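Asks: Residue numbers (this note's numbering), protein chains in the order written: chain R, 1 to 113; chain C, 1 to 112.
A couple of the hints might just be wrong.
[Claimed, not checked] If you anchor each label on the Cβ, the simulated ranges turn out as follows:
1. R:His41 - C:Leu46: 17 to 27 Å
2. C:Ser94 - R:Thr13: 22 to 32 Å
3. C:Pro112 - R:Thr15: 36 to 46 Å
4. R:Glu79 - C:Ser12: 42 to 52 Å
5. C:Glu15 - R:Gly16: 44 to 54 Å
6. R:Asp106 - C:Tyr51: 23 to 33 Å
7. R:Arg9 - C:Ser69: 36 to 46 Å
8. C:Leu46 - R:Gly51: 16 to 26 Å
9. C:Ser12 - R:Pro39: 15 to 25 Å
10. C:Asn53 - R:Thr71: 30 to 40 Å
[Unchecked claim] Think about it this way: if two alpha-carbon atoms lie no more than 30 Å apart in a straight line, the pair counts; the simulated BS3-like pairs of lysine-lysine are:
11. C:Lys56 - C:Lys42
12. C:Lys42 - R:Lys70
13. R:Lys11 - R:Lys53
14. C:Lys42 - C:Lys111
15. C:Lys42 - R:Lys11
16. R:Lys57 - R:Lys11
17. C:Lys42 - R:Lys57
18. R:Lys70 - R:Lys57
19. C:Lys56 - C:Lys67
20. R:Lys57 - C:Lys67
21. R:Lys53 - R:Lys70
22. R:Lys70 - R:Lys11
Don't read these hints as lab results, they were simulated from the structure.
No experiment lies behind these values; they were computed from the predicted model shown.
Ideal placement from N, C-alpha and C gives every residue a C-beta, glycine not left out.
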Amino acid sequence: DAGITQSPRHKVTETGTPVTLRCHQTENHRYMYWYRQDPGHGLRLIHYSYGVKDTDKGEVSDGYSVSRSKTEDFLLTLESATSSQTSVYFCAISESGQLAPQHFGDGTRLSIL
Amino acid sequence: QKEVEQNSGPLSVPEGAIASLNCTYSDRGSQSFFWYRQYSGKSPELIMSIYSNGDKEDGRFTAQLNKASQYVSLLIRDSQPSDSATYLCAGHGSSNTGKLIFGQGTTLQVKP
Numbered sequence: 001d002a003g004i005t006q007s008p009r010h011k012v013t014e015t016g017t018p019v020t021l022r023c024h025q026t027e028n029h030r031y032m033y034w035y036r037q038d039p040g041h042g043l044r045l046i047h048y049s050y051g052v053k054d055t056d057k058g059e060v061s062d063g064y065s066v067s068r069s070k071t072e073d074f075l076l077t078l079e080s081a082t083s084s085q086t087s088v089y090f091c092a093i094s095e096s097g098q099l100a101p102q103h104f105g106d107g108t109r110l111s112i113l
Numbered sequence: 001q002k003e004v005e006q007n008s009g010p011l012s013v014p015e016g017a018i019a020s021l022n023c024t025y026s027d028r029g030s031q032s033f034f035w036y037r038q039y040s041g042k043s044p045e046l047i048m049s050i051y052s053n054g055d056k057e058d059g060r061f062t063a064q065l066n067k068a069s070q071y072v073s074l075l076i077r078d079s080q081p082s083d084s085a086t087y088l089c090a091g092h093g094s095s096n097t098g099k100l101i102f103g104q105g106t107t108l109q110v111k112p
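Based on the provided sequences and hints, a complete structural model is requested.
Replies: Have a look at this one:
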């Protein structure tokens with residue numbers, strides 16, 4: 001199994017609070033991704049990173065920010081959580097950009113009340 | 001908008017039968033495709049990768065790619081109840097961003 005750890009695995013919080021999810025990898029892969037998965041929408045890319053301090057937006061980036069200060073860590077922050085951000089969040093990693101598959105972490109189940 | 005399309009199912013097959021899962025894509029420049037299996041409440045797990053036209057076999061799984069028809073499929077032989085899951089098809093777009101485009105997934109039910 002790819003060495004990917006997401007934390008926390010579960011979180012319940014209130015609307016308006018900041019939330020940070022962490023993805024940690026031990027594979028030294030260059031590419032890292034944050035997805036959310038909701039019924040009826042499948043997997044949707046939030047942000048991704050192609051190197052330390054190099055990030056870009058995905059299709060549903062509004063309300064989210066990311067940071068990558070080290071190869072192994074990719075943080076996803078909800079600056080002011082809203083109920084519409086209740087979802088399951090997956091981190092994925094990839095050795096290279098084109099042609100390589102992505103491998104997923106176990107996910108974080110986030111509930112915003 | 002580059003897309004990957006899958007029938008959401010559910011696809012129901014009896015135990016021991018061949019399950020056939022299909023996927024079409026719109027980006028003619030796509031070069032690599034992947035099948036993921038996702039059990040309920042779990043994360044997607046890579047089960048097959050395919051890069052060139054034709055068939056690729058791995059145990060009970062066969063992935064098929066037809067770039068001219070923009071069509072990818074996954075065959076599961078001797079289907080088992082443990083194969084019951086959602087299967088996600090994904091492809092790299094033609095741009096070199098590393099982003100995967102995922103289909104909505106097909107739910108497979110294998111009945112004993």
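Asks: Run every hint past the structure and note whether it holds.
Replies: Going down the list of hints, with the structure as the test:
| no. | hint | result |
| --- | --- | --- |
| 1 | R:His41 - C:Leu46: 17 to 27 Å | holds, 21 Å |
| 2 | C:Ser94 - R:Thr13: 22 to 32 Å | violated, 39 Å |
| 3 | C:Pro112 - R:Thr15: 36 to 46 Å | holds, 45 Å |
| 4 | R:Glu79 - C:Ser12: 42 to 52 Å | holds, 44 Å |
| 5 | C:Glu15 - R:Gly16: 44 to 54 Å | holds, 50 Å |
| 6 | R:Asp106 - C:Tyr51: 23 to 33 Å | holds, 27 Å |
| 7 | R:Arg9 - C:Ser69: 36 to 46 Å | holds, 41 Å |
| 8 | C:Leu46 - R:Gly51: 16 to 26 Å | holds, 23 Å |
| 9 | C:Ser12 - R:Pro39: 15 to 25 Å | holds, 20 Å |
| 10 | C:Asn53 - R:Thr71: 30 to 40 Å | holds, 35 Å |
| 11 | C:Lys56 - C:Lys42 | holds, 26 Å |
| 12 | C:Lys42 - R:Lys70 | holds, 27 Å |
| 13 | R:Lys11 - R:Lys53 | holds, 27 Å |
| 14 | C:Lys42 - C:Lys111 | holds, 21 Å |
| 15 | C:Lys42 - R:Lys11 | holds, 16 Å |
| 16 | R:Lys57 - R:Lys11 | holds, 24 Å |
| 17 | C:Lys42 - R:Lys57 | holds, 25 Å |
| 18 | R:Lys70 - R:Lys57 | holds, 19 Å |
| 19 | C:Lys56 - C:Lys67 | holds, 14 Å |
| 20 | R:Lys57 - C:Lys67 | holds, 29 Å |
| 21 | R:Lys53 - R:Lys70 | holds, 8 Å |
| 22 | R:Lys70 - R:Lys11 | holds, 24 Å |
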